[in-house]
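There are 2 protein chains.
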Amino acid sequence: MQYDPVGRFRRFARAVTMEVGALDTSFLGRGRPLGAARVLNAIGMGRTDVAEIREYLGLDSGLMSRLLRSLEEEGLVRTTPHPGDGRRRVAIFTEAGQREFQAYEELSNARASALLDRFPRSDELLHAMDVVASALGRDRIAIQEADPGDDAARYCLGEYYAELRRRFEKGFDVALSRDPDAVDMVRPRGVFLLAMSDGLPVGCVGLKGTGGEVAEIKRLWICPTARGFGVARRLMHAAETVARELSVKTLRLDTNSALTEALKLYRTSGWIEIDRFNEDPYPDHFFEKHL
Amino acid sequence: MQYDPVGRFRRFARAVTMEVGALDTSFLGRGRPLGAARVLNAIGMGRTDVAEIREYLGLDSGLMSRLLRSLEEEGLVRTTPHPGDGRRRVAIFTEAGQREFQAYEELSNARASALLDRFPRSDELLHAMDVVASALGRDRIAIQEADPGDDAARYCLGEYYAELRRRFEKGFDVALSRDPDAVDMVRPRGVFLLAMSDGLPVGCVGLKGTGGEVAEIKRLWICPTARGFGVARRLMHAAETVARELSVKTLRLDTNSALTEALKLYRTSGWIEIDRFNEDPYPDHFFEKHL
DNA sequence: GAATTTATCTGACCTAGGTCAGATAATATG
DNA sequence: CATATTATCTGACCTAGGTCAGATAAATTC
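Just so you know, the sequences run in chain order V and H.
Under our numbering, the first residue of the first sequence is numbered 1, with each subsequent residue one higher.
Under our numbering, the first residue of the second sequence is numbered 1001, with each subsequent residue one higher.
These aren't lab readings, by the way, just hints derived from the structure by calculation.
Hints should not be assumed to be uniformly reliable.
If you want the footprint, here are the derived chain V segments under chain H, 3+ residues with CB under 8 Å [said to hold, decoys possible]: (1) 8 to 16; (2) 110 to 122; (3) 199 to 205.
The C-beta atom is built at its ideal place from N, Cα and C for all residues, glycine as well.
Whenever a hint applies, use it, and build me the whole structure from the sequences.
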């Protein structure tokens, strides 16, 4: 039974603006107005180009200029001309700025931690927060290349194997499967792609190359909270683009009929079902696509 | 596997301040500063006492005064002296004010609706929002009396029956159970209590009286998203308080061993297990408490 | 009944945030 | 090369939000 969806959504909005708003305005508390703190934070997040910060924070150029100046006067930031374009400027932290940013980070982490500690069933709460954040941030999910050995990549692979164990009737043991060597999923042989939603990995796919004209798609996984937003399609598309760059002419993949969403995706995006091409015990469907 | 809880929480905070912040500042859009709109909204939510609004919005008395004045000048609000206390003032809507508040409500509803419509699996999203809102709003859950025929009460009872169907081995059919007459759960014979979390009912309990010195506790239910916050204990405590007001000396209840949390609650709050006192097919445990 | 407390109002003042119209210099376009 | 366009900066100006010190009047306490 649905008890007034709009009312429930608005209750949610009220609850978070009360609690989380406090987390946002907590940028106060170090004797600096919110605007300056936000710029400091944007720089800390790796945005150095002034125009980029300005666009990200939605600021007027005049205001932006003044905020940067105040941070410079505090000795937290230095601005230098952009190497390739003399009109632009880039902002970088001084050592004091780096320390100040770290102080904000620790303050934010401590608050978040304290808030989480207050709740029983915090894993359920975190899962709910993931669902909400993935939904609200669906338009900001970005595809990026990663090393298959990175923490984020290993996290995705771990979740992927866990899901196979749950969904395959006989379970899943990665040792029995043909586990591709990591080097086959690193350029120039292949690539490993992650879908990142504001810092959280929510999907992955591997392109396992051989150095020749045939390569294989492996390990396509989307976090349950990020399904339905077209992330799989974007990951596959990005993998195909890399394959073309690496002069691959034919892509192959195998999958299991328990993975119904994946099967549907392959069938609606130009893949053609072919005969079994390996002796892996888990797959029962095989596909091919010419680039 | 937990991928950095604090990071996940902060990702959530960023996502909602982006999306939901827009919903908050949407109080703009009718040519009125946020402060005035928030006061208008507070009045619309039933807060008429000026001091009460001031405290709710956390405003300085000077600012509050000016905001009220501006709403008066717009012809949206009238202030009159408080009937019982000449220092206080109460703010009430004029007809134009009522219309303006309605306009804000419709605007907010439309935005919420549009935002929800963008998502597939919106029931999953709403459930996640309920989990988050219940957790963040746990300190604002209020117990109130209600008529067992109200929408909110019927919603709780419906969820309660659905849960029994799921949890009892043989299912549950309310027609086979001794369904108390509604009048037994209305004063002066008994009472029906709801736990409300910012407008959403998240729990209930019935006190079914006979007019005599013995009464029964029925229909204790807590919404899954609100469990672990002590709501059941508060509901039971409130029901006992009403029972004492109604001169009840002995409380009884029956329950089923599938409802483990309830059993645990009764055993740790002064209830004593007694022999079966009715022929209802579902319960297998019976308790009594002397007030 | 005098002294204190409480709720509201008023005027003076301040800061943060934001807009707008040029100025300046570098780059892109014809 | 002349002419746009772009990124930033500067000064002038404005509004919203908020603080503070009294003023006023009603209620409470002694």
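Quick rundown of the hints versus the structure:
no.: 1; hint: 8 to 16; in the structure: holds (count 9)
no.: 2; hint: 110 to 122; in the structure: holds (count 8)
no.: 3; hint: 199 to 205; in the structure: holds (count 3)
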